[in-house]
Amino acid sequence: MFSMPKKDAITFALFAIVVLSMPIWLSPFGASYPGLLQKFAIYALLAVGYNILFGLTGYLSFGHAAFLGVGSYAAVWSFKLLSMNPILAIAFAMVFSGIFALAIGYVSLRRSGIYFSILTLAFAQMSYKLAYSVLSPITHGENGLQLTLQDPRVIDLMFMERGVSLPTSSLFGIPMNGYEGFYFCAVILLIGFFIAQKITSSPFGMMLKGIKSNEDRMNYTGFNTKPYMLTAFVISGIYAGIAGGLLSVTDPLAGAERMQWTASGELVLMTILGGVGTLIGPVIGAWIIKYFENIFSAWNESILHNVFAFLPDNVEGIVVLISSKFVGEGWHLTLGLMFVLVVVFLPGGIMEGVRRIASWFSRRKDPTKDQEVTDPENMPKPSSKKGE
Amino acid sequence: MVETSHNTVLHVADVHKTFGGLHALADVDLAFEEGTTHAIIGPNGAGKSTLLNVIVGKLAPSRGTVVLDGEVLTGKAPHEINQMGVARVFQTPEIFPELSIFDNVMAPAFAKRDGAFKMNMFMSMENEKDIAREAEEIIVDFGLDAMIHTHAGALSRGHKRRLELAMCLIQKPRILLLDEPTAGMSRHDTNTTIELLKKIKSTGMTKVIIEHDMHVVFSLADKVSVLAQGRIISEGAPDEVRADPKVQVAYLGEAEE
Chain S
1 MFSMPKKDAI
11 TFALFAIVVL
21 SMPIWLSPFG
31 ASYPGLLQKF
41 AIYALLAVGY
51 NILFGLTGYL
61 SFGHAAFLGV
71 GSYAAVWSFK
81 LLSMNPILAI
91 AFAMVFSGIF
101 ALAIGYVSLR
111 RSGIYFSILT
121 LAFAQMSYKL
131 AYSVLSPITH
141 GENGLQLTLQ
151 DPRVIDLMFM
161 ERGVSLPTSS
171 LFGIPMNGYE
181 GFYFCAVILL
191 IGFFIAQKIT
201 SSPFGMMLKG
211 IKSNEDRMNY
221 TGFNTKPYML
231 TAFVISGIYA
241 GIAGGLLSVT
251 DPLAGAERMQ
261 WTASGELVLM
271 TILGGVGTLI
281 GPVIGAWIIK
291 YFENIFSAWN
301 ESILHNVFAF
311 LPDNVEGIVV
321 LISSKFVGEG
331 WHLTLGLMFV
341 LVVVFLPGGI
351 MEGVRRIASW
361 FSRRKDPTKD
371 QEVTDPENMP
381 KPSSKKGE
Chain E
1 MVETSHNTVL
11 HVADVHKTFG
21 GLHALADVDL
31 AFEEGTTHAI
41 IGPNGAGKST
51 LLNVIVGKLA
61 PSRGTVVLDG
71 EVLTGKAPHE
81 INQMGVARVF
91 QTPEIFPELS
101 IFDNVMAPAF
111 AKRDGAFKMN
121 MFMSMENEKD
131 IAREAEEIIV
141 DFGLDAMIHT
151 HAGALSRGHK
161 RRLELAMCLI
171 QKPRILLLDE
181 PTAGMSRHDT
191 NTTIELLKKI
201 KSTGMTKVII
211 EHDMHVVFSL
221 ADKVSVLAQG
231 RIISEGAPDE
241 VRADPKVQVA
251 YLGEAEE
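Here the protein sequences come in this chain order: S and E. Residue numbers for the first sequence follow this note's numbering, so the first one is 1 and each next one is one higher. Residue numbers for the second sequence follow this note's numbering, so the first one is 1 and each next one is one higher.
Note that these hints are calculated values from the structure, not bench results. Heads up, some of the hints might be wrong.
[Unchecked claim] Some chain S residues near chain E, calculated using beta-carbon distances under 8 Å:
| hint | residue |
| --- | --- |
| 1 | M4 |
| 2 | I199 |
| 3 | S201 |
| 4 | F204 |
| 5 | M206 |
| 6 | M207 |
| 7 | K209 |
| 8 | G210 |
| 9 | K212 |
| 10 | S213 |
| 11 | N214 |
| 12 | T221 |
| 13 | G222 |
| 14 | N224 |
[As the list claims (entries may be wrong)] Restraint ranges, calculated between C-beta atoms of paired labels, are given here:
| hint | chain 1 | residue 1 | chain 2 | residue 2 | range |
| --- | --- | --- | --- | --- | --- |
| 15 | S | V95 | E | F122 | 17 to 25 Å |
| 16 | E | N191 | S | S359 | 33 to 41 Å |
| 17 | S | G173 | E | F122 | 27 to 35 Å |
| 18 | E | N127 | S | V343 | 35 to 43 Å |
| 19 | E | A183 | S | R356 | 35 to 43 Å |
| 20 | E | S100 | S | A13 | 21 to 29 Å |
| 21 | S | G330 | E | S100 | 41 to 49 Å |
Even for Gly, the Cβ is constructed at its ideal location relative to N, Cα and C.
Based on the provided sequences and hints, a complete structural model is requested.
Okay, here's the thing in structure tokens:
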């Protein structure tokens with residue numbers, strides 16, 4: 001079960017190094033603080049899970065934020081009722097998001113294409129609205145679900161006295177709000193990535209790709225595609241639930257805004273930006289978007305003045321005036337432009353760009369390899385040529 | 001249960017199919033016998049493809065049943081019908097364009113071995129040596145080995161058809177349905193396909209073949225049924241059917257339009 005092809009093993013090892021060393025290599029970018037690092041790991045996990053559904057089967061769910069929300073609430077309730085242990089909270093998040101995904105998936109998967117997307121969107125928006133109204137005893141509506149001093153916390157209080165201040169989540173004494181919290185999220189991300197790799201390279205993963213490629217053919221080939229789809233949907237829903245649980249672990253507060261359609265849309269954006277159907281792509285997409293949201297949005301004119309200080313004064317003024325529209329509040333503009341450029345020029349996302357550069361280099365080294373990678377028109381034909 | 005003669009493997013019993021007011025199939029009663037190649041010919045719009053769609057479960061008949069070896073197929077889903085041993089080659093090749101030729105052939109082999117659904121998400125493809133060997137063999141047999149890791153979408157139309165045939169044959173179906181397997185092919189490719197199908201014939205598999213090309217029909221078929229305007233108008237050995245005046249009228253009638 002733990003064996004994997006050499007290529008996958010290398011990918012995993014490199015990925016693990018990159019993730020675990022994030023606090024080091026992100027510091028020149030000003031992004032090496034626990035709060036953001038945790039988000040990088042959590043949203044990467046969310047994107048990896050989402051890719052199992054969207055990337056492999058081609059079914060575009062527009063409601064995955066609902067599972068993120070369910071996971072968050074489940075984790076906070078586990079803190080309130082049982083214990084501040086994050087592992088228990090994650091288990092809670094998995095169970096509830098899994099059940100939720102099973103129910104939503106069962107109904108939504110009766111349709112495919114745009115109707116499937118609309119159904120998932122409808123369910124997610126319904127969950128979002130319900131969290132503010134009917135379900136507010138569970139979600140605490142607009143205040144968000146928070147810890148209180150009166151929480152039962154049955155398991156924790158068997159072993160210790162109730163403190164005077166609000167407890168923080170901790171894994172056997174290790175607090176979960178600093179770098180330790182990031183490493184906890186990072187380890188779960190690596191486990192999730194490993195499982196996604198296994199799924200992608202398994203026969204099951206091949207069936208999912210078959211569904212994306214030609215669902216009718218799958219049926220005529222003797223596969224019942226429904227349970228395959230439902231399994232993929234539930235798995236990716238559980239990934240989202242874990243991500244939601246981790247958001248609560250690092251900051252024990254759950255609000256309904258996590259379920260809003262913009263959150264689902266952001267996830268779709270991450271996946272497409274990075275590269276649909278690749279394992280690494282969605283992770284890169286998630287990191288870019290979170291970086292923009294947190295760092296780029298904080299840039300202001302005085303920072304720009306420092307950046308462009310080497311220019312002559314009057315030129316600097318103009319450059320800062322123009323570029324200031326793209327930073328700070330305007331980070332959405334930059335992100336939007338980037339998204340448009342990627343979709344138009346690199347439909348396969350950033351990963352396609354990486355592949356193109358790689359094949360360009362290998363071609364320069366070995367010009368005979370030319371035909372192999374590029375377009376199907378140049379495919380080497382068999383020697384006994386049979387025309388149409 | 002529908003009455004069938006002892007060596008009939010597939011029985012299309014009194015099938016009707018209407019689309020609104022149009023009778024696409026009317027009183028169609030066909031018995032396909034074990035090990036034979038049975039051709040269904042007829043002018044355009046005669047209902048040939050509708051008939052295949054009814055057999056594989058894509059369409060539900062308005063009346064009548066399809067019976068495979070005493071088991072009723074009507075009402076079953078396409079994947080169940082395939083699991084019972086019915087494989088189909090489509091008029092326009094239905095393959096997995098984004099997957100490699102190898103994976104295209106592996107998938108149906110998995111369906112044959114593991115059934116309609118299996119939770120094998122933690123298995124590695126590398127451990128599936130038996131199925132991989134089987135797939136490689138059939139790919140070599142079909143002359144596609146030079147392109148085994150090519151995406152199937154990049155193949156020529158003739159090669160796509162051949163791939164689809166390989167995908168059906170790796171399942172060793174009881175019945176193979178072929179919907180115009182040589183449409184749009186050059187004479188050379190057509191002849192290669194005929195040779196290939198003759199080879200399959202020697203394995204004793206039952207084949208139902210829909211074809212426009214009379215050259216193909218007369219080289220392969222043991223029995224011919226002629227469908228016109230949803231009805232069987234003639235049936236018998238190829239030479240008998242060719243001589244039937246009703247068949248000539250049906251084809252000439254189409255030519256006048």
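Now for the hints, and whether the structure bears them out:
no.	hint	in the structure
1	M4	holds, 7 Å
2	I199	holds, 5 Å
3	S201	holds, 6 Å
4	F204	holds, 4 Å
5	M206	holds, 6 Å
6	M207	holds, 7 Å
7	K209	holds, 6 Å
8	G210	holds, 5 Å
9	K212	holds, 7 Å
10	S213	holds, 4 Å
11	N214	holds, 5 Å
12	T221	holds, 5 Å
13	G222	holds, 4 Å
14	N224	holds, 4 Å
15	S:V95 to E:F122: 17 to 25 Å	holds, 20 Å
16	E:N191 to S:S359: 33 to 41 Å	holds, 39 Å
17	S:G173 to E:F122: 27 to 35 Å	holds, 34 Å
18	E:N127 to S:V343: 35 to 43 Å	holds, 38 Å
19	E:A183 to S:R356: 35 to 43 Å	holds, 38 Å
20	E:S100 to S:A13: 21 to 29 Å	holds, 26 Å
21	S:G330 to E:S100: 41 to 49 Å	holds, 45 Å
The structure shown violates none of the earlier numbered hints.
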